[in-house]
Amino acid sequence: MSIDASTHAALDAGDIPALARGCAVLGTGGGGDVRTGSLAAVRAVREYGPVPLVGLADLPEDALVVPLSGIGAPTVSHEMIHSEDEPRRIAEEVERLFGRPPGAVMSSEIGGSNGVAPVAWAAQLGLPLLDADGMGRAFPEVQMVSMYVAGLPADLVIMSDVQGNVVTIRPVDGLWSERLARAVCVAAGSSALMADYVLTAAGARGAVIEGTVTRALEIGRATEGAADPLRALQDRLGAARLVTGKLTDVERRTTGGFVRGTATIEGTGEDRGRTLVLELQNENLVAVEDGRPLAMVPDLITVVDTETAAAIQTEGLRYGQRVTVLAWPCDPLWRTPKGLGTAGPRAFGYELDYVPVEELTARG
Amino acid sequence: MADLRIGIDVGGTNTDAVVLDPAGRVIAKAKRPTTPDVTEGLRAALDAVLTQVPDAARRVARVMLGTTHATNAILERRALGRVAVLRLGAPATTGVPPLTGWPEDLRKAVSAGEAVLPGGHYVDGRELAPPGLDAVRRFLDGVEAEAVAVTGVFSPASGEHERLVGELVAAEYGLPVSLSHEIGSLGLLERENATVLNAALYGVAAHVTGALAAALAERGLGARPYLAQNDGTLMTLEHAARLPVATIGSGPANSLRGAAYLSGAADAIVVDVGGTSTDLGVLAGGFPRESAAAVEIGGVLTNFRMPDILAIALGGGTVVREHGVGPDSVGYRIAEEALVLGGSTPTLTDAAVAAGRTPPHVTGWRVDTSAAIADMLQRALAVADARIADAVDRMALGRADRPLVAVGGGAFVLPARVPGAGEVIRPEHAEVANAVGAAIALASGRVDTILPAGDSRSKAIERAKEEAAARAVAAGADPALVEIVDLLEVPLSYLSEPAVRVHVKAAGPLAR
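Taken in sequence, the protein lines are chains R and Z. Going by the working numbering, the final residue of the first sequence carries number 364, and the count climbs one at a time with no gaps. Going by the working numbering, the final residue of the second sequence carries number 876, and the count climbs one at a time with no gaps.
No lab work stands behind these hints: they were computed from the structure. Where is the CB? At the ideal position from N, CA and C, for every residue including glycine. Do not rely on the hints blindly, as some may be mistaken.
Output of the computed footprint for chain Z on chain R, the stretches with three or more beta carbons under 8 Å from beta carbons of chain Z [as the list claims (entries may be wrong)]: (1) 40–49; (2) 69–78; (3) 82–94; (4) 152–165.
All chains should be built: construct the whole structure from the sequences, respecting the hints.
Structure, rendered in C-alpha cells:
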C-alpha cells in the first residue's frame, strides 16, 4: 500500500519547529526535551522526503498501525542516540508476525519528545504518520495509553535496540508488559525503541485519540508571529488561565525514577494576592489555590512563559520566571471510569475525586 | 625582581589592562578602544600600563589575557580551520549524524567531512563496538582537513576509544586532534558540537597566543603568558592552544572574579554595567555560579559550563525617550552624544547625573535642562531602576541578603539601594574589574563522569578528584596548592546498577 504525498498534508522540515512547540505544550511539563527528536525529524524528512499525515479514514481497514515510542533513561538517550535502523527492525518483525508490512506509524504519546520523533521514524520507514496518538498529552507509565483504557489486550510488545537486537514479548497483561519491557530496556543499555500494541485501522477506531498531530501543529503555529502569543495560545487550546505571575518557589525530589515536587506561583498584575501551587510528578498534575483544586489530571495543565507562550518543562522551572498556568479538558476517553482509574488523580496518589477543569474554573 | 602581574581583558568596546603589585594591589590601569584585529588595542593597553610602572619590563612575572577572539571567529565565521568530524558511536547514534542542525554557512566553513564509525560505550561501561581503526584511516584518507574532532558515546565516563583514535591520528596523519571527553560533559550532540568548534579554532588560538607572545617579546617582557577561560580560571598558552573553545565566555567570568576580589565578597550579586548592556551574575564561594542550561554559540548548542549570566539591554549609553528607555544605545559615541558631555542625545548617564549619581572622580557634569526633560530623565531612571531590581531578584532566587557589587564603566547609574539585595558595594577600580579578574585567576581542571553508586563509589570519587587535580596542574596550577573547589553528585534513574553522575572541579594558584 502506498500513500500519495501529493493528496495529503505532508510534514516537511519547515513543520518540525511548530510541531515541537505544540508537543511541548501538550507535554504538560513532561514527555522529555523535544530537541534531539526535532533534529532527528528534520534530518530524516530531508533525507527521505516529507511524511504524509493521514487519518484513519485514509487507511484500508486492515492496514497495520504501529504505535512507537522511545523507552529508557533520558540521560542515556541524550548521549546514546537512537540508531536509524531501529524502526526498520520493528517494521520487519511486524511483517513477520502479521504477514503484511505496517501501513502507518503512530506516536504513542504526543506530548514532548515522543511526539516529534515519530516523524523521523515514519520518514525512515517510508510510511505515513497517523494523525493520532495514545495519550493526547504525556503520561509517565506504559499502561497509561488510550488502547489500554479502550480494553485492548496488552499482549504484544516489540522492542529494538541500537545493536539490531529485536525482542518480542507476549505479556499476560499490562503490568507484565511494563515489567518485562523495563528489564529488556536495561539490558539494551537503558534505551530502546518500542512498539506496544499493533493495531489495524479498524481496531484503532475508538482506541486512539485522533487529530492530535494536527492539534500539536496548530498549537505551535498559533503563537508564531502573534501580537499576543499568550492570548493566541489560550484561544487555540480553549484553556482557562489559572494564574499569571512569578514563580517564587520550586521544590523537587527524585523518587522511584520520577521527579516529584511542587512549584509555587504568586500572582502579579490583576492576579496580585493570589498563590497557586502546582503538584508535579514528571508532569504537572494538580493545581491548587488556598487548598482548593483548580485543575487536575487527566485534564491538561501547562506552564508557559507569559511573554512568548513557550511551554516550560518541569525540569526547566526556575525561580523568578514570569509564567502563566493554563488548563484545559482532556480527551473524553480519560473521563470514563477506566480512564480515571488509569490516569486520574488517585492513580498518582492524590486523595481527590476528579472534577472536570471547566466545572472547577466556572465556579471561580 | 619579577613580582608584578598584568591582567588584560579584551571586551567588545574597550580593552582594559591592570598591573597588580605583589600584595595584589592595583598600581596601574588603562582603558583603550578594542581594535578590529584586537592585537592593536591589546598592545595599546599594555603600553599604557607599562609606562605607569617604573622598571616594568624587568618586574612583570605574568601576563593574563582574557579575549573574545574565539567567540568572534565563530560568530563571524572567520579564520576557522577545516575539521574532519569523527564520531565513535555506530551502530548507535545514526539517527542524528554529526552537525545536524548547524547553520549551513558555519557547517560549510568548518566541516571537511563527517563520519559515524564503530566505537564508544554503553552507560555501564560495556563497549558499543570495538573502535574501528581501519574505518578511521579510510575516512581520513578521503578528506582534506587541518584538524580532527573525535567524539565517542559516553566518553566522559570511558574515554579510551577517543584516546586510541587520537593517538592514531597524531601518529599517522600528524594532525591536531580534539577529544570530546577533554572538552564537554554528557549530552552527545552538544559535546560533539563543542569539540568540532574547538578543533576549528586551533588556527585562531595560534594567532592569539602568537600575538601575545610577540607583544611581550617586543617590550622585552620575560613574563609568562596565560589565557583566561570561561569558568574564571587560567590556562597556559600550551593548554589554550589545545582547548581554545574554553576561552569563550571568559569576559563575564573575569568580571565576576574581579568583583569578588576587589570587594572582598565571596557570595554576592555582581552587576556589571557597560555602555550598551548590563550583565548580572552570582558569586558563590568566590566563583561564578554556573548556568544549568545549554549554551548557544554562533547558532550551535554546546554543553559548556558557563557563568550563569542575565544580560539586560541597559547601560550608561542607553537612549532615553519621552516614552521609554532603550534598548538602543549610543555605545562608544557616548563621549560626543550624552548631554553631560555636550551632546544632544539624552542617555541613562544623563538621567543618573541629573539625579545626583555621578561617576567617581568626575566633576563638572551638569544636566542643564528644561523641566520637561528633567521629568523625562527622572521617569527613565525610575524605569531603569525597576528593571535592575527585577533582574537582581531573578538572579538572587529569593535571597535578599547577598550584597550587590557594582562594577563596570557605567556602575554609577545604579542606585544606592537595590530591592532584592543587601548593601551596594562600589569597590575601587570597579571600572576595570574584568582585567583584575584575569590578573588574579587560578588554574583549574574538571572531570564530569558517571560512577557506580555502590561500594566502589567512594574510591571512584577519589580517583575523579585526583584526575581533576591532575588536570588543574596540567593547566598551570601549583601541585602543592591545588584544591577541590566543587563536587557535585547527581543520582541517575532507570539504570540496571545504581549510578551517580559526578562533577569535580579542582583549582589552585599558578605554580611559581
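Coverage of the stretch 82–94 of chain R by chain Z (three or more Cβ within 8 Å): It holds: at least three residues are needed, and the stretch 82–94 of chain R offers 5 whose Cβ sits within less than 8 Å of chain Z.
Examine the stretch 40–49 of chain R for residues whose CB is less than 8 Å from any CB of chain Z, and state whether their number is three or more. holds (count 4)
With a Cβ-Cβ cutoff of 8 Å, does the stretch 152–165 of chain R contain at least three residues near chain Z? holds (count 3)
Count the residues of the stretch 69–78 of chain R whose CB lies closer than 8 Å to any CB of chain Z, then report whether that count reaches three. Held - the stretch 69–78 of chain R has 5 residues with a Cβ nearer than 8 Å to chain Z, which meets the minimum of three.
Hint check: no violations occur; every hint is consistent with the structure.
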